[in-house]
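K.L.:
Spelled out from the first residue to the last, the chains are:
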Amino acid sequence: MKYSYKEIQGSIVDVNELDVARAKSIALAALNNPAYILNPVFVKRIDGAEVILVTLDIEVYQNPLNGVEEQEDIAIICHPEDDSFPEVYALRNNFQLGLPHTNLRIEDYPVCLCVTEQLFQEVKHRFNPFEFIESIRQWLTLTSQDKLHAIDQPLEPFFVSKGGIIVPSNKDNIDVNNFYITPVAPNSNLFRIQKEKNADSAYFCFGFHADEQVSGFIRREPQVIKDLADFIFIKGIDLSTALSNCFNNLAQFFLEEKELLQKKVAICCGIPVKRYSKDIEPERTEELFFVTKKTVREIAMESNVWEETLDKKSIVPLLGKHFTKEIIEKIGIETYTTMIDFNRLTAAIYNNEIPNKDKFTLIGVGALGSQVLSLYARTGYGEWNIIDHDLLLPHNLARHALGRDSIGFSKVEKLAEQLNFLVGEEFCTPIKSDFIKVHSDENVISFLKESKAIIDISTSIAVGRLLARDYADKISTRRISAFLNPTGKDLVILAEDEKRRHRLDFLEMEYYRFLYKNENLHDHLIFNDDFKIRLNRNSCREISSRINQTDISMLSSICAKSIRKIVEHRDASIAVWRINDSDCTIQQYTTAPTKWEKVYSNEWKIYLNNQLLDEMRSLRTQKLPKETGGVLLGSIDMERKIIYIYDTIAAPEDSDETTSSFERGIEGVLEEYNKYRTITDNQIQYLGEWHSHPKGCSTNPSELDKKLFAYLADKLLRQGYPTIMGILGDNNCGFTISF
Amino acid sequence: MAVSHKIKFYPVDNGDNVLLKLDDKTTVIVDCQMKDCEENTDGVTTYDVKKDLIKELNKDSKNNPYVDLFINSHPHNDHCLGFEKNFYCGSPDDYTDTNRKNEEIIIGELWVTQRVFSNDLCCDGGAIRREAKRRKKLFEDNSAESSKYGNRLHIIGYNEDDTTVDGLHYVPGNTVSTFNGKTNDYLSMFIHAPFKSDLIRSKADEDENAASIVVQMQLRTQKNGDIKSRIIIAGDADHYVFEQILEKSKKNNNKDKLEWDLFLAPHHCSWSFFNDRPYENNTEPKDYSLEFLDYKNAGANVIASSKKIENKKPNPPHHSAKEEYIRKVGDSKFKNTAINKDEKAPEPLIYTIDDNGFKLEKSAIAASVGIMTSSTPRAGRN
Numbered sequence: 001m002k003y004s005y006k007e008i009q010g011s012i013v014d015v016n017e018l019d020v021a022r023a024k025s026i027a028l029a030a031l032n033n034p035a036y037i038l039n040p041v042f043v044k045r046i047d048g049a050e051v052i053l054v055t056l057d058i059e060v061y062q063n064p065l066n067g068v069e070e071q072e073d074i075a076i077i078c079h080p081e082d083d084s085f086p087e088v089y090a091l092r093n094n095f096q097l098g099l100p101h102t103n104l105r106i107e108d109y110p111v112c113l114c115v116t117e118q119l120f121q122e123v124k125h126r127f128n129p130f131e132f133i134e135s136i137r138q139w140l141t142l143t144s145q146d147k148l149h150a151i152d153q154p155l156e157p158f159f160v161s162k163g164g165i166i167v168p169s170n171k172d173n174i175d176v177n178n179f180y181i182t183p184v185a186p187n188s189n190l191f192r193i194q195k196e197k198n199a200d201s202a203y204f205c206f207g208f209h210a211d212e213q214v215s216g217f218i219r220r221e222p223q224v225i226k227d228l229a230d231f232i233f234i235k236g237i238d239l240s241t242a243l244s245n246c247f248n249n250l251a252q253f254f255l256e257e258k259e260l261l262q263k264k265v266a267i268c269c270g271i272p273v274k275r276y277s278k279d280i281e282p283e284r285t286e287e288l289f290f291v292t293k294k295t296v297r298e299i300a301m302e303s304n305v306w307e308e309t310l311d312k313k314s315i316v317p318l319l320g321k322h323f324t325k326e327i328i329e330k331i332g333i334e335t336y337t338t339m340i341d342f343n344r345l346t347a348a349i350y351n352n353e354i355p356n357k358d359k360f361t362l363i364g365v366g367a368l369g370s371q372v373l374s375l376y377a378r379t380g381y382g383e384w385n386i387i388d389h390d391l392l393l394p395h396n397l398a399r400h401a402l403g404r405d406s407i408g409f410s411k412v413e414k415l416a417e418q419l420n421f422l423v424g425e426e427f428c429t430p431i432k433s434d435f436i437k438v439h440s441d442e443n444v445i446s447f448l449k450e451s452k453a454i455i456d457i458s459t460s461i462a463v464g465r466l467l468a469r470d471y472a473d474k475i476s477t478r479r480i481s482a483f484l485n486p487t488g489k490d491l492v493i494l495a496e497d498e499k500r501r502h503r504l505d506f507l508e509m510e511y512y513r514f515l516y517k518n519e520n521l522h523d524h525l526i527f528n529d530d531f532k533i534r535l536n537r538n539s540c541r542e543i544s545s546r547i548n549q550t551d552i553s554m555l556s557s558i559c560a561k562s563i564r565k566i567v568e569h570r571d572a573s574i575a576v577w578r579i580n581d582s583d584c585t586i587q588q589y590t591t592a593p594t595k596w597e598k599v600y601s602n603e604w605k606i607y608l609n610n611q612l613l614d615e616m617r618s619l620r621t622q623k624l625p626k627e628t629g630g631v632l633l634g635s636i637d638m639e640r641k642i643i644y645i646y647d648t649i650a651a652p653e654d655s656d657e658t659t660s661s662f663e664r665g666i667e668g669v670l671e672e673y674n675k676y677r678t679i680t681d682n683q684i685q686y687l688g689e690w691h692s693h694p695k696g697c698s699t700n701p702s703e704l705d706k707k708l709f710a711y712l713a714d715k716l717l718r719q720g721y722p723t724i725m726g727i728l729g730d731n732n733c734g735f736t737i738s739f
Numbered sequence: 001m002a003v004s005h006k007i008k009f010y011p012v013d014n015g016d017n018v019l020l021k022l023d024d025k026t027t028v029i030v031d032c033q034m035k036d037c038e039e040n041t042d043g044v045t046t047y048d049v050k051k052d053l054i055k056e057l058n059k060d061s062k063n064n065p066y067v068d069l070f071i072n073s074h075p076h077n078d079h080c081l082g083f084e085k086n087f088y089c090g091s092p093d094d095y096t097d098t099n100r101k102n103e104e105i106i107i108g109e110l111w112v113t114q115r116v117f118s119n120d121l122c123c124d125g126g127a128i129r130r131e132a133k134r135r136k137k138l139f140e141d142n143s144a145e146s147s148k149y150g151n152r153l154h155i156i157g158y159n160e161d162d163t164t165v166d167g168l169h170y171v172p173g174n175t176v177s178t179f180n181g182k183t184n185d186y187l188s189m190f191i192h193a194p195f196k197s198d199l200i201r202s203k204a205d206e207d208e209n210a211a212s213i214v215v216q217m218q219l220r221t222q223k224n225g226d227i228k229s230r231i232i233i234a235g236d237a238d239h240y241v242f243e244q245i246l247e248k249s250k251k252n253n254n255k256d257k258l259e260w261d262l263f264l265a266p267h268h269c270s271w272s273f274f275n276d277r278p279y280e281n282n283t284e285p286k287d288y289s290l291e292f293l294d295y296k297n298a299g300a301n302v303i304a305s306s307k308k309i310e311n312k313k314p315n316p317p318h319h320s321a322k323e324e325y326i327r328k329v330g331d332s333k334f335k336n337t338a339i340n341k342d343e344k345a346p347e348p349l350i351y352t353i354d355d356n357g358f359k360l361e362k363s364a365i366a367a368s369v370g371i372m373t374s375s376t377p378r379a380g381r382n
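So the protein lines, in turn, are chains A and B. Quick note, the first sequence lines up with residues 1 to 739 if you use the numbering used here. Quick note, the second sequence lines up with residues 1 to 382 if you use the numbering used here.
Among the clues, some could well be false.
Unchecked claim - A few chain B residues that face chain A, going by a derived Cβ cut-off under 8 Å, partial list only:
1. Arg327
2. Val329
3. Ser332
4. Gly357
Hints in this document: simulated from the structure, not taken from any laboratory. Computed from a prediction, not measured in an experiment: that's the story for all the values here. The beta-carbon is built from N, C-alpha and C at its ideal position, and this holds for glycine as well.
Construct the complete structure from the given sequences, taking the supplied hints into account.
P.N.:
If you want it as structure tokens, here you go:
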């Protein structure tokens, strides 16, 4: 045999003599595909493992990179246990060392290739021997083009480690002279680096900022310090010498602090690594972490640097002895895999999102708000100020992101505490207040202004209106409102455009009209008793909804994702998502926001929706030369003295329409009005009447009009409502209000 | 998208049939040996060259298949078999539905040597002669038609009387980068041969091989950019021709024209590239032949467009020639069309050429690598 590696020694056999089923299947695949799988030879090892030796003919450029050759000798080793992928070795004795996706072994050669990132158990059921060999060819082809290694993968090869070390995400702040490690759980091999002292730790820690390296500097699995000292240098001094200096400097300290003698030494080397030698800057800093197999005392005693006193009560240094480079080189070590702690950046990467540090304000962290915010924390999205004044009560646990340990605590404070802990940094800042009460506080205004968007998930119309109207032009940040319908089956998002031309209150009105116009949504605001739970909490009649957490979870995800998309774009939007309970699908319904215009402004402001105006004009045109008209529908914000007119019930059949007058009939009007009220949960109301004037006539009210208006005003004023009368002419419309 | 060219060496037994397809879709065919039979005498399935060419070639505005340039290195059967049947001969205006049905390929521009005008040619050589003559007549008649697609002609080398005609001849030492009326950003061709003396020798010995067209194809990946790959194709030129190529290139400061990344072993891996035949009487390769091979670039490949090369007669292909090539480039860099992928049904050697140089396609089976390269469909554990 051409190679003498112990891994492939055994008796050469015929394919039929192979006993390990997987080895046989790979051997047959090799024999059946001679085009690029050359010279197959089969070996049975004494330990029962079976080896397939082949030469693979590989697709490479004429000048392949990384020293890959067009034909490579490969060994595939299958073990009888069949509990992992067959081992794959490149046999050529000058195969390049230190390549990415190689598994480090104690010996440099043969080089163990890591040909798949899959878990064997997951693909065992469909393992294909030919495809397995192809994956080796693919490994070699991609390596020959330097394309195998993904940009986000560690630059150094993998080796089996004793355990793991979680490195803080802001690892640049690690003080190499002052850090500690502590197990994340009792008896765990997973440790965390921390600044705080951990007296119980079995390790004495120190670290180095090592000199720059080029990817591939680790060639074999380190067993003793010497294996590392060959390539780790600190300001030009090899690691063994640097460590011997450290040990000698610390010797007295070790002897004085006796508990340190029983500790092993944990060493962290931060090594800046360039991907290619031609690179000017290192791509990243790799943390190489290793621990001595023996304690300080054992190392010193066994190397005769220290000795025990005759009474065996203490340890003293031997005269003239110190920790030499040679002593340090022989210290056995175990390596630990370092892993960066979870933070917003890694959260974004693992979620396949672009990292985002925009500032946002979230008003309301109830069921929907808390779950949306949790999703943003886990996806590393934004920096948040969160406002809510509620405490978490037992019944909230059904649908809130917080758990039992938060009962009785402020929702915002607990949520901030938990999410900040989750991402390991300041992700959100809690403001435990009722937004309506504090909305004009300086600090509130300040962070609202700084926000990229104000997200209102308070599920409060009052908050929505306040956001839409009460800051005048003080805060230009766009507002986005999200809420569920009473049954929790529908999610609604109303989003202002970036320039705030479509304000939240207008969007709210258009949303009501949309519910009426879209038959599928007629039950959107219907809230039967079946869905109600009556509580005796803030008032004797407080009602909560029986909403299923699975629905909230689904809609929270849509909400989080949609708001993120909305923020990325400039446009306003009105959208409703509805869960279909029978097949668990979700249907989206949208309507495009339309323009509004202010038609009257005095003590009261009247806003007329342009789409309605178009409809009224169309009705007028249809009926010309006769007059026509109808009922004006909309909403009144009594607090802000704003009237929104956005729909009409057109003249019914029994109306009297002539060329000089219009008298609205009554047929079906009340039914339609009541239907509208039901569909919008009484959010829409009667505002008054409108009628058209013939061509060429002004929109000033006639004497008859004035009489009608006085009649209407008298009726409505008794109920405390203003009255509107609109007159539509050729090019304009006039509105009169009485209050 | 990065610019990428493709060159295919079809498995046509002892014969040449090469397609070059540039990134800009310009196509060049060098020689042809297109057979009808499904199996050769050795029981090897014949590759359907025509079917593949039709797949690769462009269609003109009338939906007729065409190649921008057809180079007939010399009019021997193993370099022009099937020409009459598969390539359209005649005025492109007369292309009929029958021609279309037969998928006859229109040749935008045709390159031949003066030797093609001899009367003693093989059957398909005669078809080339007739087509070349038709085009030549248009040129000599000063017809505007002669510069149109389907009528263009260039004679490589000199006339019988050692003269050349402007616009009709390209001679050794010329570099050509206009093909089928279009200047090409990616391809230029340096004409090495035929030399005057070899045309005379060829006529005297009635040996067309000596008068083969020899070109160095220079491939770029951007306009006026560096040459990324050099391909030398030499028909059946023998060592005498290469002796002159070497001598003249050195003398004329054209050593770079000797460089090669891909070299189509002349005369189907014949010993005639290294010395006179029979091999038994001339076993030592000529120094200049070996010197020529030393102009290879790193990782260069030699392609033997021949039957499977075995150490037995008949030849070519000569096993001894293969050994000489391997001595220069290494075993894995010597490619034989007859055994590519499957000895019993060989497929073309397909090279792609891009910024990184060339790469021989070696996809084993179209099926994806599957489980090893794709993620498991169920996620969520981590």
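K.L.:
All hints are to be evaluated individually against the structure, with a verdict given for each.
P.N.:
Verification of the supplied hints:
At about 17 Å, the closest approach between the beta carbon of B:Arg327 and any beta carbon in chain A exceeds 8 Å, and the interface hint on this residue is violated. The interface hint given for B:Val329 is violated, since its Cβ lies 11 Å from the closest Cβ of chain A, which is over the 8 Å cut-off. Interface hint at B:Ser332: satisfied, since its Cβ lies 4 Å from the closest Cβ of chain A, which is below the 8 Å cut-off. At about 4 Å, the closest approach between the beta carbon of B:Gly357 and any beta carbon in chain A falls short of 8 Å, and the interface hint on this residue holds.
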